[in-house]
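With the hints as constraints, model all of the structure from the sequences given.
So the protein lines, in turn, are chains A and B.
Final position of the first sequence in this note's numbering is 1111; the numbers increase by one with none missing.
Final position of the second sequence in this note's numbering is 322; the numbers increase by one with none missing.
Source of the hints: derived by calculation from the structure; they are not laboratory data.
Straight line, CA to CA, 27 Å or less: simulated DSSO-like cross-link-like pairs of lysine-lysine: (1) A/Lys350 / A/Lys784; (2) A/Lys350 / A/Lys423; (3) A/Lys1063 / A/Lys414; (4) A/Lys350 / A/Lys944; (5) A/Lys414 / A/Lys388; (6) B/Lys229 / A/Lys267; (7) A/Lys362 / B/Lys262; (8) A/Lys345 / B/Lys229; (9) B/Lys203 / A/Lys345; (10) B/Lys250 / A/Lys345; (11) B/Lys262 / A/Lys986.
Per the computed footprint, the stretches of chain B lying under chain A, defined by three or more beta-carbons under 8 Å from a beta-carbon of chain A, are: (12) 190-203; (13) 232-244; (14) 264-271.
C-beta atoms are modelled at their ideal positions from N, C-alpha and C, and glycine is treated no differently.
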Amino acid sequence: MNTPGSKLFLLIILLFFSTLHAQVIQGTVSDMSGTVPFVSVIFKDPAKPGLIYQYATTDEKGWYEIRLKTAIDSVIIELDNIAYEPQIKTVGNLQAKKTHTLDFILLPRITEIKEVVVEARKPIRVKNDTVTYDPEFFKDGTERVVEDLIRKLPGMTVGENGEIKFKGKTIKKFLLDGDDLFDSQYTIGSKNISVDMVEKVQAVENYNENSLLKGLQDTDDVGLNLVLKKGKTDFSGNANVGYGIEDKYDLTATTLAVNSKIKGFGIASYNNIGKNPSPYYFDSEMLTVEQIREDKYLVPQLLYQGSFYSQLQDKFHRINNNFYTSINTLYKFSPKISAKVNAGVYADRLTRQNRTFTEYNIGGQEFTITEAEGLRKKPTIYNGALQLIYKVSDSLNLEYNGKTHYEETGFRSHSNNNGIAQQNNVNTTNLFTKHNVNLTRRINKNSAFTALAHYSLNRAPQDFLLFPGLALEGNNVISLQNNQSSRFDKENVRLNLEYFIKHENSKLQFTGGYNSFKTNFNSLLTSVNNDGSTTTGADYRNDLKYNVSMPYAGAGYSYLKNKFSASASLLSQVYNFELDDRVRQLKDKGDDIVLSPLIRILYNFSNKTSVTAGYSYNEIMPDERNLFRGIVQSGYRSFVNNEPDFRFLKTHTYTLDYKYNDFFNLTNFSVSFRHNYRKNNYFTRNVITPNITVMTSFLLETGNKDYSLGLNAEKHLSFLKTTVQFNSNYGITKSRNIVNDSDLRDIENRFIYLSLTERTGFKSNLNFENKTTFLLNTFLLDNKEQNTFRSVNNAFKSVYKVAENINANAVLNFISPDLSIGNNYWFLDAELQFLSKNKKFNYSVIARNLTNNKTFETVNVSDFSRSTSSHNLLDRFVLVSVGFNFKD
Amino acid sequence: MKKTAFFLFFFCNLLFAQKSTLSVVYEETMVVDVTKYTTTINGFLVANNEASLYEEDFMKIKSDTFDDGEGNTSVTVKTNRNPKFYRTANSPVTYLGNIKMRDFVVSDDAKFNWNIAEEQKEILGYTCQKATAEFRGRVYVAYFAPKLQFNAGPWKFNGLPGTILEVKSQDGAFSMTAKKLEVKNTATTITNPYKDAKIISYAEFKNIYKTKYEEMLSMNYGDGVKASMPKRQIETMIED
Chain A
224 MNTPGSKLFL LIILLFFSTL HAQVIQGTVS DMSGTVPFVS VIFKDPAKPG
274 LIYQYATTDE KGWYEIRLKT AIDSVIIELD NIAYEPQIKT VGNLQAKKTH
324 TLDFILLPRI TEIKEVVVEA RKPIRVKNDT VTYDPEFFKD GTERVVEDLI
374 RKLPGMTVGE NGEIKFKGKT IKKFLLDGDD LFDSQYTIGS KNISVDMVEK
424 VQAVENYNEN SLLKGLQDTD DVGLNLVLKK GKTDFSGNAN VGYGIEDKYD
474 LTATTLAVNS KIKGFGIASY NNIGKNPSPY YFDSEMLTVE QIREDKYLVP
524 QLLYQGSFYS QLQDKFHRIN NNFYTSINTL YKFSPKISAK VNAGVYADRL
574 TRQNRTFTEY NIGGQEFTIT EAEGLRKKPT IYNGALQLIY KVSDSLNLEY
624 NGKTHYEETG FRSHSNNNGI AQQNNVNTTN LFTKHNVNLT RRINKNSAFT
674 ALAHYSLNRA PQDFLLFPGL ALEGNNVISL QNNQSSRFDK ENVRLNLEYF
724 IKHENSKLQF TGGYNSFKTN FNSLLTSVNN DGSTTTGADY RNDLKYNVSM
774 PYAGAGYSYL KNKFSASASL LSQVYNFELD DRVRQLKDKG DDIVLSPLIR
824 ILYNFSNKTS VTAGYSYNEI MPDERNLFRG IVQSGYRSFV NNEPDFRFLK
874 THTYTLDYKY NDFFNLTNFS VSFRHNYRKN NYFTRNVITP NITVMTSFLL
924 ETGNKDYSLG LNAEKHLSFL KTTVQFNSNY GITKSRNIVN DSDLRDIENR
974 FIYLSLTERT GFKSNLNFEN KTTFLLNTFL LDNKEQNTFR SVNNAFKSVY
1024 KVAENINANA VLNFISPDLS IGNNYWFLDA ELQFLSKNKK FNYSVIARNL
1074 TNNKTFETVN VSDFSRSTSS HNLLDRFVLV SVGFNFKD
Chain B
83 MKKTAFFLFF FCNLLFAQKS TLSVVYEETM VVDVTKYTTT INGFLVANNE
133 ASLYEEDFMK IKSDTFDDGE GNTSVTVKTN RNPKFYRTAN SPVTYLGNIK
183 MRDFVVSDDA KFNWNIAEEQ KEILGYTCQK ATAEFRGRVY VAYFAPKLQF
233 NAGPWKFNGL PGTILEVKSQ DGAFSMTAKK LEVKNTATTI TNPYKDAKII
283 SYAEFKNIYK TKYEEMLSMN YGDGVKASMP KRQIETMIED
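Structure (structure tokens):
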């Protein structure tokens, strides 16, 4: 048949066949009121009902007509239109005739079309001042609470104290669906809200917590908002029970209630595995976010209550018995009135074994001190806060904020100071209460007025009993016992008025007010001698009244146009102070006018690149901790006092920042430079002997300087599916001190910090994260190098997704606290998580410190000493836990 | 009984008929032939059973969210000169064309001769079917969602039995992809933004373009400096 003729024959046959069988389907589409023009008529092949085969559209008269492309036996005809109920007809036996006429009568749609909102998911969206993160793109499956997630979001960091920063700026508010539930105790939320409850994370720049001031004030603040998942119900939570060998417990229950009237978060927890869900830190000198904000209202606690510091992560060394419960509720009575109540109770029992061996080299004199201490600290806190907001009208807002914090801490330790064994008992109570009333009035679009009245009180009496004690006089080294009491009281009243006005590109702010601090300090040190007599005296007593009142006025101006913004402000304060040292019958009085200027210039080269330069000058009034003369015994071997001085601390601060943030390409880069120049400063005279250390601080009109240069970069390398993060800091501090009989010595400290993190985001089941940090610290004394030490840490984490609902991860930490002595540590932790099919239950096995390290040793250097310290660690343990997630 | 049923139908008709509104946000990308410079903007489509309106947000004045939850975000409202494409069922598309900085309201038949293919892919959770068409100098591949029974699309694209959620020219110069979509059971009035304007046909528009193109070619700015207009924008304007 392979001839030209046969081909032609085939063609003719084919043509004949197809013309014969090319069916036409036609008809009219109408509804109750007549024919329906311009509706789509869809034809489908019954063999492939998911695909449109052909389609036609009705003409003006409702007529459709289609010639099928190929011959098929039957066809499905569909009319699906938003205005009408869908209709489907199947026509069989198409071969029977050439033309099929099929009319449709449409009925109005009764069933509603399903409402939908869908959005293509993107890791990060930037809109105006808001950056929105989609958590799904950043999770590796091991995150449990919000904080774990935030650490992984580009541009965000979480400090050791839980402080969250965005583009290097501390967040001002932590919001849940736009509501501020926790205020400055937001770590309750970030450390405890399950990551599964979060739909999106938003960072809002130029955030103003007072919505009536929006547009009138350049805040430079950042607000963090968690968009919560909207379930069918508004009540959810989880409970977790963990038991480990030996005698390890981890129990937590949290609930989250969200609806239009109430927002609430509650937690109750107990653990002894080193976790701390509370917003308090009694195991370090670290300030909480709350303390940083309230610093100027708080009094110092001079008496030593144990050192719980460690270079290691808390989970390795925090030996605790932590109980914490907190309830946070926001209730909206009406759109105008809302109330927020926070209540929390915290109790802990922290223990530690410390050993320190210090070699001193002071002016050619060398000696060593050996110390050992077994510590136990039991803090208890009751905390309550109330906020009432009354939005009188769209332009008037009234707000009350009050809180009370009561704390009791018992500290016991057995210390051994160069062979002298002693028992230390310190009891501290701390009461802090704060009340604010704030009124905001928006006068018109371009101006507003605020008034604030503030009252706060802090009182923190401490008692220290040391036995045997250290003899204060005579030839004996020890006495029967020492008693030290110390108590600060501080009261602050402040009235503040502000007026904001905006004109085109300029914003003006006028501030005026009155600030008053009343501080009292009482302390007494007595030593009971071996013969039963007591030693005390004016040298060991303080009874101080320190009052400062200052009216102030200031103005601020800011200008913003296109890419350029500048702001300048000047604050003038008139200080009137009065110091009454009743022990020494000394009265000081004085006044001073302080001008504090501030200038800041910002230029945005593009929406990704910006440069900021700033300068400020500040004078800080003497603080109560620098004004007492009488000696206070602050620890078993340490004593402190001052040579009071009324000169103000004068500081010039210079800053320069370059920032590049390209969220689209997931690239961030920033360089920042800081320089502080203090014209005068407090210096310390240290008298160190084998048995005691006395530190006297005094003010000198000689300055110190510090410089720091930071470089941070983050880049997502899409070809490697890896995010690389680099952080570095280089700093120089120039200072002075006096040790024993020395002259004033010039001290310079130089440090370099480098950290490199790589995080993979492979689509495979196996992913890695590695973080390396390097620290170099050098001390120079009179320009000669004295002490240098280098330390390296490396943490390698691998995450393996065994199945959709099973996750395993292991973290290997390598720590070399001092490269010169090669004393290295390896820590291995592992975790296995299993999530039930209905996602209600999760089971996990946690193994910590598998390498079973018992103690950890570090080296600290200063310009005149080198000390080797060691402390004990949380024992190796394996913990099995069951979690239950519930939704009402 | 029949009466009641009829009444019910009638009543329901009033209640539900033509009440649904579709909103789609597209990411629209254009690469200019000569400079290879890429422009990316958001395109906003609103459609109901009767009409559709597509707005290309060159002025960047629209938010890419449907309901701006944060409320009173003060945006300086620039004069809205965004090009818009308005059409009712099977009628020509009315839009704002521009030649040498001058605006013209154009009525364009814009008929697409789509070839439906069997390939499918998912866009925003909707199964979409592939269709291709040649249109004024470029070949386009579109994906439409039959389950979204609004016969609408971005730019001038239309005529498929379902909403067009993605169109890309084969040469990569012009593309539109839906990134957000909303169907709501509320009525929206879509009005012709150019209903009071003087309207010219696409053929007239093309003629004006041709006249200006030739004018430019013959224009001499002195010292032999010459300027020209492109022969092709998205659509071929000057046939060879």
